[in-house]
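I would like the entire structure built from these sequences, with the hints used as guidance.
2 protein chains.
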Amino acid sequence: MLNIRIEKTQAPKELPTKENPLKFGTIFTDHMFIMNYETGKGWHDARIVPYQPIALEPSAMVFHYGQEMFEGLKAYRADDGRTLLFRPNKNAERTNRTNRRICIPEIDENDYIDAIKALVKVDEAWVPTKPGTSLYIRPFIIATDPFLGVRPSDTYMFMIILSPVGAYYPEGLNPVKIWIEDDYVRAVKGGIGEAKTGGNYVASLKSQVKAHDAGYSQVLWLDGVHRKYIEEVGAMNIFFKINGTVVTPMLNGSILPGVTRDSVIQLCKNWGIPVEEKRISIDEIFEAYQNGTLEEVFGTGTAAVISPVGELRWEDHIMPVKTGEIGELSQKLYDTITGIQLGKLEDNNKWTVEVK
Amino acid sequence: MLNIRIEKTQAPKELPTKENPLKFGTIFTDHMFIMNYETGKGWHDARIVPYQPIALEPSAMVFHYGQEMFEGLKAYRADDGRTLLFRPNKNAERTNRTNRRICIPEIDENDYIDAIKALVKVDEAWVPTKPGTSLYIRPFIIATDPFLGVRPSDTYMFMIILSPVGAYYPEGLNPVKIWIEDDYVRAVKGGIGEAKTGGNYVASLKSQVKAHDAGYSQVLWLDGVHRKYIEEVGAMNIFFKINGTVVTPMLNGSILPGVTRDSVIQLCKNWGIPVEEKRISIDEIFEAYQNGTLEEVFGTGTAAVISPVGELRWEDHIMPVKTGEIGELSQKLYDTITGIQLGKLEDNNKWTVEVK
Ligand SMILES: Cc1ncc(COP(=O)(O)O)c(C=O)c1O
Ligand SMILES: Cc1ncc(COP(=O)(O)O)c(C=O)c1O
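Quick note, the sequences are listed as chains D and S, same order. With positions in the first sequence counted from 1, the corresponding number in this note's numbering is that position plus 191. With positions in the second sequence counted from 1, the corresponding number in this note's numbering is that position plus 191.
Treat the hints with care, since some could be wrong.
When chains are identical, the list treats them as one kind, so a pair holds in a single copy or across two.
Taking lysine-lysine and the DSBU-like style, the derived pairs with C-alpha atoms no more than 35 Å apart in a straight line are [what the hints assert, rightly or not]: (1) Lys419 to Lys469; (2) Lys513 to Lys419; (3) Lys214 to Lys401; (4) Lys204 to Lys419.
Calculated directly from the structure, the hints in this document are not laboratory data.
Printed below as a string of structure tokens:
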């Protein structure tokens, strides 16, 4: 059991009850969790303190060499008042997978979950209750050695901050338009694509700006080698329902192994819907579109849960999906996952964890 | 002319006169430069202040999405007492090239150079004088919006810090051993490889640790698509002298356009040495090694200037270069570039800029 020192704020902020809808990622709660690492000493000094700025040397390695990682999960307020986390063990596992790739020391996964629970408990009043809202949890780690030179840092800070949120995409459950990028590349096999680290996101900005300017809200990436296999969306994995079968790119080393992705695959299997993880070329998708078998397209991610896709644009080809409505399977997945998250549906897979 | 407010430190540190050799990137001078950016307002509030920690919100975008860039150049103390910069306009240009790639607003290149000059002037006493030493200049920009979500930031900080340095590699001018990586990938065409941003360096750490453990001090990267074309070393561009001709990988979008690389190419041309920028496969290098035409190998970069390579390891092939000595051309390039940097040799190309 992680030993956490707690220092409560003397100046609690006002809860954002009036702010509706909550703008994603802009409001933070009263407290944050911090734990330090030092070579030889390990992770130490776990504490919950008032939410406040952090002071770092200008030479701190995180500012120069990108040694940083983050995670994202949510706490939900169930109808019966319980506060539930959704599969936090998957985020703990993925943190360590990212850490191994970018040479950050691993964190005990039980300690990691204890830290999340303890912080959410302290700020439990901030878990919003309106439908579609939740408390977004952002664990992250930064390299803090005051040193200029390329090597893994000897010191790190692990922090967790909390933000009450509404819908991630302004569209909500309305279908989004997606731009398929064939010029820029986000990640490549052998690189850091499957790690949740800043470098992958900064690589995506330019293409995202281009897509926005063209009226598309998200970018779908193709692989960096052949420039034809589907990878993932900026902050979501992608699924296609083609002729009754659900397909999604296999985990190939350059895409993020999403928790929602995994949950969707398991649910489809439970329901007896054929689901395949495989290499999917953009030509296959285009063909399915042309012959009318492209039934549904949706993104999956913690922020939006299920995000229906209403249009794909690939070079000069514009592919409307369905008639601008959310598909039947997308809706069922959304209802089921959010139902489990909110404690309304039976949690057969033991996905939720109560914060006590 | 950039208007810079100057606030001098009340507690100057002791100059590191006793520290010899200076350990690269660990000691910082008395002052730093800061300038802020805000959408609508542009770059503003240029100031030189005492060197101090910076306080940022835990949600500052730089900690999460890697929107950060850096540069590196040096100031040298000439024998006649002048302080000289080496081609700072190239760093200013490259900053904006990086900025365009990762959606950071550009900085006026004259302002950029003015800022460097002004800061070096304030801390001029810190420019060390021993042979092989210099004042390393680290301009960098970080995204500071307190916001969780992937998009370019609306606020940034541009900072410059200074560090008196000795040799970058403990080997100095002794040849280094280089590991050719054929498993991990640093960057790929269409990605951010040619930008000087953290994401490229974090991607290199794991391979670097592996190479170190095997007794190699640096990693040479192969391209991410074919996994056979030579790219660059962790913080250096790479040159080969094969049968009298100097060859180096062409600028293909995934390697950094090095200032030292450019200077070496120009000097070779001036000297009538054939020099080619082209796609070079590892097989070609191996072949040249086998048939005895691989005459010299060296890395180029601001930190080490010229770093002779004494051994290349590619899979199970160990290729010693020469007999563990610095090559003739490597030595001549080193002497010439450092001679110009220190104001000892005629600066025909107008590469040096005096700090007045
Ligand atoms: C690049 C990327 N892909 C996919 C996902 C979806 O993963 P998850 O379902 O775990 O939220 C995310 C993040 O949240 C992401 O950042
Ligand atoms: C990846 C990389 N390649 C090459 C270089 C060499 O560039 P320059 O000669 O401008 O220092 C550097 C850095 O300094 C670098 O970081």
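Structure-based check of each hint:
1. Lys419 to Lys469: both (14 Å within a copy, 27 Å between copies)
2. Lys513 to Lys419: within (23 Å within a copy, 44 Å between copies)
3. Lys214 to Lys401: So Lys214 and Lys401 pass the 35 Å test inside one copy only (23 Å; across, 44 Å).
4. Lys204 to Lys419: Intra 49 Å, inter 57 Å, cutoff 35 Å: neither.
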